[in-house]
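Number of protein chains: 2
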Amino acid sequence: MPLSTVAIMGDGQMGLVLASALHERGARTRLWGAFPDRVASLNERREEPDRLPGLTVPSDVLITADEREAMSGAMIVISAVPTQYLADVWARIGKHLQNGAGIVSVSKGIEVGTLRRPSQVIADAIGTSCIIQRVCVLSGPTIATELAARQPATMLASATDDELATAVQELLTLSWLRIYTNDDPLGVELAGAVKNVIALAAGIADGMQLGYNAKSALLARGLAEMARLGTAMGASLDTFFGIAGLGDLATTCFCPHGRNRTCGERLGKGESLDAILASTNSVVEGVPTAKGVLALARKQHIEMPITQTVHDILFEGLAPRNAIAQLMERSPKPERIA
Amino acid sequence: MPLSTVAIMGDGQMGLVLASALHERGARTRLWGAFPDRVASLNERREEPDRLPGLTVPSDVLITADEREAMSGAMIVISAVPTQYLADVWARIGKHLQNGAGIVSVSKGIEVGTLRRPSQVIADAIGTSCIIQRVCVLSGPTIATELAARQPATMLASATDDELATAVQELLTLSWLRIYTNDDPLGVELAGAVKNVIALAAGIADGMQLGYNAKSALLARGLAEMARLGTAMGASLDTFFGIAGLGDLATTCFCPHGRNRTCGERLGKGESLDAILASTNSVVEGVPTAKGVLALARKQHIEMPITQTVHDILFEGLAPRNAIAQLMERSPKPERIA
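Protein chains in written order, with the numbering used here: chain A, 2 to 339; chain B, 2 to 339.
Hints in this document: simulated from the structure, not taken from any laboratory.
Chain copies aren't distinguished; within one or between two, either way the pair holds.
Each computed EDC-like pair below joins lysine to aspartate or glutamate, with the alpha-carbon atoms no more than 20 Å apart:
1) K334 x D184
2) K334 x E304
3) K334 x D239
4) K334 x E164
5) K270 x E317
Working from the sequences, and respecting the hints, build out all of it.
As structure tokens, this is what we get:
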């Protein structure tokens, strides 16, 4: 496939990093943002040294707040928008989607209320029932600051349409970026959502200074409950043990700078959720997602003790110290994975 | 089962920690060491504040260099000896094993040359072919300093004899220690051996400052190749995704103080293996084990690219920088787990 025109919808960290990567790869690249002020400022500066040191968006990448301009003729459209804003954004931009274009979704979360995955929100907004086959989910352990610095990384391009996954793989393969494919976007999206909830738990463990033993056990048990939910919903077990499952979970739980882990750490030290959220202007995706995941688990009659605990700490006033005691004092049992 | 007399054979960090835990649990506990000088000094001090801050071995735990005294009447014998010394130690102590006693093995590694797992070495030393059923493998993410400080932790007690696994679970369950059981000691021992090789790779990545994205992908791909070897040899896939697989691997790769990760970090910074080993007097289990695991992989016709790379860096003069390039430049492919 010749490298086509790519539109990146969303000018957050991931949007900027992908714009620079695609430009390096030789694709004709356009970057769209919803807010004209921010777009104008990005257009002028072409970098965000505070958030993404080392990254420049080259001058021949079009940066625009005009969705029609961004999407016209683009045969690959990358959706890089926080999950809870996806429906609004796609209601606005969907009509400009080129016939036959492939969509690449990088959002991680579950829509509050509807319990839809990002690819479902996009497909519903476009209103074509078969469009979901044209959505490729792109995930993996991808801290944006590290991608900006060109530290080596891997991603997973997942689509039921193998040709689309392979096209995305080819589009993004670079000397510092290795892309794997799989055909289980459902599993990849569930993993991407649940990992932020487990990262909150990992942060709580950090805040309570529980140590590496406890945090690693939590990682393993968290992955097991994520896999349990996923397989009950029809996803493939392998996905959870791959780079978009375990790989992304490990980064999110161990990298000190992640928003979800950091929010958890502050909870573990005794701060209230309200105080934490009031002090940050970024989205802590795991907080709304904890509700969504728990609702999915109930629907599937799946036990998710770590998710339940995080939920109760966030919304039911459970004290972290009591939560740990509860988890440790469950009756001894055989280990069960999925 | 009433709490019986327990003999802990080996006075290293794990031996000391288990002695203190079993005493807390109310078991009659004996601790044996091979070297009379060290035993005498341990008997006097009852602690090792440099290596295990906070830990005391209570005065009613017998500490002895006399294996007969330690093992007499002990219905549980815990073997806490580095893998490469196991054959010699059990040749010496095996004859004192009480009839019907259960053995708990905590060694992690593969014996160089013979490629035997710890439980096989013990069974062969005792010379009874069916004794292997009386060996329970105890593993998990268990940094000794954290156990000494009573930070919460989990372990897996694994035996083909379910009664033995359950007895060990009951013996070690404490308010800060949660024990799971499973029936796949083969998988648990393979995971415990291979994780030290992957931890060397994780350390190399740290030494080269590759970042969390790369290290987490390495963790996921390392677990996949560990699972591939294990299932080819007849182990259960689930074991590798449990606390003794993934859990232990995560601790070993992310805790900054581990010997294997630290050795890898120094390799990644350009030091030679000889210089590193000359500067430490502790066993870096992953170094001999890299050879053993690769030999097992060849026997099973299994691809283990990370183990191969670690092996080549350790023993074939491969430069870490070239190794990373090789791993990143392998042809793009679908993700495959086990």
